[in-house]
Amino acid sequence: MSDISQASAPRASACPACAAGDASLSRARAAPLPDARLVLSVPGAHCAGCIGTIERGLEATDGVRSARVNLTMKRVSVAAEAGLTAQDVIARLDTLGYDAHELDPGTLSMTETDRQGRDLLMRLGVAGFAMMNVMLLSVAVWAGASDATRDLFHLISALIAIPTVAYSGQPFFRSALRALRAGRLGMDAPISLALILTVAISLFETLQSGQHAYFEAALMLTFFLLAGRYLDFRARAAARSAAQELAALEVPRAIQLIEGQEQTVSVQDLAVGDLVRVRPGGRVPVDGVVTEGRSEIDRSLLTGETLPAIAAQGSTLSAGEVNLTGPLTLRVTAAGRDSSLHRMADLVANAEAARTRYTTLADRAARAYAPTIPILSLGAFVVWLWLSGGDLRLSMNIAIATLIITCPCALGLAVPAVVTAASGRLFRKGLLIKDGTALERLAEVDTVVFDKTGTLTMGTPVPDNLDQHSDDALRVALALAEASSHPLARALVTSLQARGLTPAEVHDLREAPGYGVEGEWQGESVRLGRAGWVGATHAATTGAYLSLGDATHSFTFTDALRPGACELVAALRAQGKAVWLISGDVAPAVEAMAQRLGIDNWRAGALPQDKSEAITALQAQGARVLMVGDGLNDTVALSAADVSISPASALDAARAASDIVLLGRDLAPIEDALRIAGQSNRRIRENFWQSGLYNAIFVPVALVGLCTPLFAAAVMSLSSVTVSLNALRLK
Amino acid sequence: MEILGILIPVSLGLGLLGLLAFWWTLKKGMYDDPEGDSRRILRDDYDDKPKR
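As you go down the protein sequences, you meet chains X and V in turn. This note's numbering numbers the first residue of the first sequence as 1 and each following residue consecutively. This note's numbering numbers the first residue of the second sequence as 732 and each following residue consecutively.
One or more of the hints may lead you astray.
Claimed, not checked - Each pair of labels, with its calculated beta carbon distance range:
| no. | chain 1 | residue 1 | chain 2 | residue 2 | range |
| --- | --- | --- | --- | --- | --- |
| 1 | V | Ala752 | X | Trp689 | 36 to 44 Å |
| 2 | X | Ala571 | V | Leu747 | 40 to 48 Å |
| 3 | X | Thr708 | V | Gly749 | 26 to 34 Å |
| 4 | X | Ile375 | V | Gly749 | 55 to 63 Å |
| 5 | X | Arg174 | V | Leu747 | 36 to 44 Å |
Unchecked claim - Mimicking SDA-like on lysine to any residue, the simulated pairs with C-alpha atoms at most 25 Å apart in a straight line are:
| no. | chain 1 | residue 1 | chain 2 | residue 2 |
| --- | --- | --- | --- | --- |
| 6 | X | Lys429 | V | Leu757 |
| 7 | X | Lys577 | X | Glu671 |
| 8 | V | Lys758 | X | Arg675 |
| 9 | V | Lys758 | X | Ala166 |
| 10 | X | Lys429 | V | Tyr762 |
| 11 | V | Lys759 | X | Tyr167 |
| 12 | V | Lys758 | X | Ser66 |
| 13 | V | Lys758 | X | Lys577 |
| 14 | V | Lys759 | X | Asp119 |
| 15 | X | Lys731 | X | Arg675 |
| 16 | V | Lys758 | X | Asn70 |
| 17 | V | Lys759 | X | Arg65 |
Said to hold, decoys possible - Covered by chain V, according to a simulated footprint, are these stretches of chain X (three or more residues, beta-carbon under 8 Å):
| no. | segment |
| --- | --- |
| 18 | 117-123 |
| 19 | 554-565 |
Simulated from the structure, these hints should not be mistaken for lab results. The beta carbon of each residue, even a glycine, is placed where N, CA and C say it ideally should be.
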C-alpha cells in the first residue's frame, strides 16, 4: 500500500490538467495586471514598409504571439504572453527605429463609440441604397412614364422610401425632439419637418395619381445630411479617442513594498501610509516622504527647473517628479485624487470653466439660418393659397419644394467635410486634434507663448565646454560617467563617445547616490559629481565636476533645442506673430535661450499662476494666445490660453489641458497647424457662401412654383458635391 | 411593359444584395483601417492566405 501511495503522489501533480490549473492559479496570483493584449501608439508609422518592419520585427520577438499595425490610428496591437511588458515591446520598437507610447487597452475599448459609428454608417448605407433604387424609378418617371406606370413607380418608391426615412432619419428626429423639449429650434427640427412633410405629401400625391412625388428628394436629403452627420461624428470620435489615447498614455502603475516584497500595483489601489519603491529613472507615482535611500530628483516637469534637486530621508516628493540616481522608498502621504497632480487638475478645471464657451462658425450659421427654413415655406404656402384662391394641393406642393431647396444639405456638409480633411492632414503630420473647435480657434491666433524646458528644449542637457579639457580628463570623465545613469553623466557619455574617445582604465568604480561617481585611476582617487563633493567651486550654470588628483575640472551643460524650434520661431516672427517665452527657470538660462532663438519678450522665474496671469493680461489687450507647454506648471496657462498645444512627452495633466498634442519630437508641425487652420477657416467660410449662393438663386425658383422634383434633386447634389470638393482642396 | 414585372423585382433584389454586402463589410470591420489596408495590398506576405 505504501508503495502505491508513494507512486501515486507524484502522478497526481503530473496530471496535465492539475498542473495547468496550478500554473494558471499561481500566474494569476503573481501577475495582478494580466497583459494578454498590449496597445501602443506608434506615431512614426506611415507606409507599407513600416507595417512590414514593425509586424515582422515584433513577431520575431520572444513572447509576442502576433502584432497588427493599424495605420489609420497609428497604433500597433500586440497579442503577447503574460510575462511580456509594454516596456519590452517599446524597447524592441526603439531598436526598429520607432518611438512608441503605451496605451491602456481598457480605456481604448471604445465599444460605445464604435457602436454609434457603425449604427450611423448603417443608416447611411440604407439611405444610399434606397436612394439609388428610387432614383432609378424616378428617372423613368422624369423620362416620360405616365398614367398607370407612373403611379406604379411612385407606389414602389413610396414602399422603399417610407421605411428608409423612418429608419435612417431617426438621428434627426431624436435630436429635433431633444432640442424642442429644451425649448430651442435647432437645425434638426426644420430638417425633420422637411423629411416628414415631403414623404407625407408625396404619398398623398401618389394615392391621388398626382404628377410629382418627391420621394427621391427626401432620400437624398437623408443621405447627404447623414453623410455630414457621419463625418462630424468621425471627427468628434477621433477627438474623443485622442483624449482617451492621452489618458491611456500614462498607464498608472507603482511598485508597492508589501512585507519587503516588491509588487506592481495600480496607483489607484495605493492608500496613505503604504510604502512605494521608486527606481532610478522612474517617475514618482504619488506624493510621499522619503523613508529610505538617497538620490537626485528631476523636478523640471513640475517647476521648469533644469538642475536636479537632492532627495534624502525626510524629503517630500510630489507625484510627477523623476528619480535620477538611487532607489528610493516613499511613504505615501497623498494618493489619487488628493495628490498634488490632481490638485493642479482642479485648478485647471477652474481655468477651463472661466474660459467662455467658443461659438463655432457652424453654430453661428445655424442660428441665423434655422428659422428661415420654416418661415420661407410657410410664407410660400400662405401666399400661394391666397394667389390661387384656395388651391390647397398646389400651395402645399410649392411649400414642400421650397422646404426641400432651403434644407441645409450643403450647410450640413460644409463644416464636417473641412474639419475631417484638415484633421486628417494634421494627423499625418503628427498632430492629434483633441477638440473639434481647436482648428477654428487656432486660425485666429496672433500671439504664441512658449514654455522653455521640455517644450523648446528636449529637456536633456548637452555639454558645451569639452574643448577646454585635456584628453586625459575627458577619458577619465567618460569612464566615470559610464558608471552612472544620471542625465548629466549620460549626456557626457553620449557626446564624448561621439568624439571617438575611449574610456580611461579606472578601477573600483562606485556610485554615491546624490553625489556622483568615484574610482581609482593610475593610483589616484578620481571623482565626478557635485561641486561640493568633488571639491570644486560651483559655477552659475548647470554643471558636473571632475577631480583629478589636486586639479578640478568643470563641465558645463546647456539644454539641447528641440528640432524645428529655431525654424518655428523664425517662421512665426516672419508671419508677424508676437512670440513670448515664459519659463519657471532662472533668468540667465531663460535669457540665453531667448537670445539664441531671437525671442524679444521673455520672463523667468514664473510660477504657474504668473504664467496664466501673463496670458490673461495679453488677452485683455486683445491678443489671441496660443500656449505651447509641457509641464505641470504650464497646465493652468494651457487652459487659460485661447488654444494650446503640448508635446506627447508632456505630463498627462498638461496633455489633458491642451487642445492639440504633438506626437513627434519636431516642433515644425506647429507651423503647419497654424497654416492649415487658417486655410480650413477660409474653406468653411467659402462653403457657407457657396451654399448661401445656391439658396439665393434657387429659392426664388421654388417660390414661384417652377421647382420640379428633378430640379430639386439636381440642385441638391450639385451643391453638396461642390462643397465637399472645396473641402478637399485643403493642402 | 410586362418586362417591368421582372425588371423591377430584379432591380430591387440587386439593391438589397448591395445593401447586404455593405452590411457584411461593416460587420467584418473592413473600414477600421482604410489607410493600412491600402498599403497592405502592395505586400506579398499574405498572398496565399489572409492574415488573421
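Against the structure, the hints:
1. A hinted range of 36 to 44 Å for the beta carbons of Ala752/V and Trp689/X is consistent with their spacing of about 39 Å.
2. Evaluation of the 40 to 48 Å hint for Ala571/X and Leu747/V yields a failure: the beta carbon distance comes to about 55 Å.
3. Separated by about 28 Å at the C-beta atoms, Thr708/X and Gly749/V satisfy the suggested range of 26 to 34 Å.
4. The beta-carbon spacing between Ile375/X and Gly749/V, approximately 40 Å, falls outside the hinted interval of 55 to 63 Å.
5. Roughly 26 Å separates the CB atoms of Arg174/X and Leu747/V, a value that falls outside the hinted 36 to 44 Å.
6. For the hint linking Lys429/X to Leu757/V, the alpha-carbon distance of about 28 Å lies beyond 25 Å, and the restraint is violated.
7. Distance hint between Lys577/X and Glu671/X is fulfilled; the C-alpha atoms sit about 12 Å from each other, no more than 25 Å.
8. For the given pair, Lys758/V sits about 38 Å from Arg675/X by alpha-carbon distance, which is inconsistent with the 25 Å threshold.
9. Taking the CA atoms of Lys758/V and Ala166/X, the gap is about 22 Å. The hint holds against a cut of 25 Å.
10. At most 25 Å may separate the alpha-carbon atoms for a hinted pair to count; Lys429/X and Tyr762/V meet this at roughly 22 Å.
11. For the hint linking Lys759/V to Tyr167/X, the alpha-carbon distance of about 22 Å falls within 25 Å, and the restraint holds.
12. Of the supplied pair hints, the one linking Lys758/V and Ser66/X holds, its CA atoms being roughly 22 Å apart against a limit of 25 Å.
13. Restraint check for Lys758/V and Lys577/X: not satisfied, since their Cα atoms lie roughly 49 Å apart, outside the 25 Å limit.
14. Straight-line distance between C-alpha atoms of Lys759/V and Asp119/X comes to about 14 Å, which keeps the hinted pair within the 25 Å bound.
15. For the proposed pair Lys731/X and Arg675/X, the alpha carbon gap of about 10 Å is at most 25 Å, so the pair holds.
16. Straight-line distance between C-alpha atoms of Lys758/V and Asn70/X comes to about 18 Å, which keeps the hinted pair within the 25 Å bound.
17. In summary, the hint linking Lys759/V to Arg65/X is supported, as the alpha carbons are separated by about 22 Å, within the 25 Å threshold.
18. Closer than 8 Å: that is the beta-carbon criterion, and the segment 117-123 of chain X has 3 residues meeting it against chain V, so the requirement of 3 holds.
19. Coverage of the segment 554-565 of chain X by chain V is violated [criterion: at least 3 residues with CB-CB distance below 8 Å; count 0].
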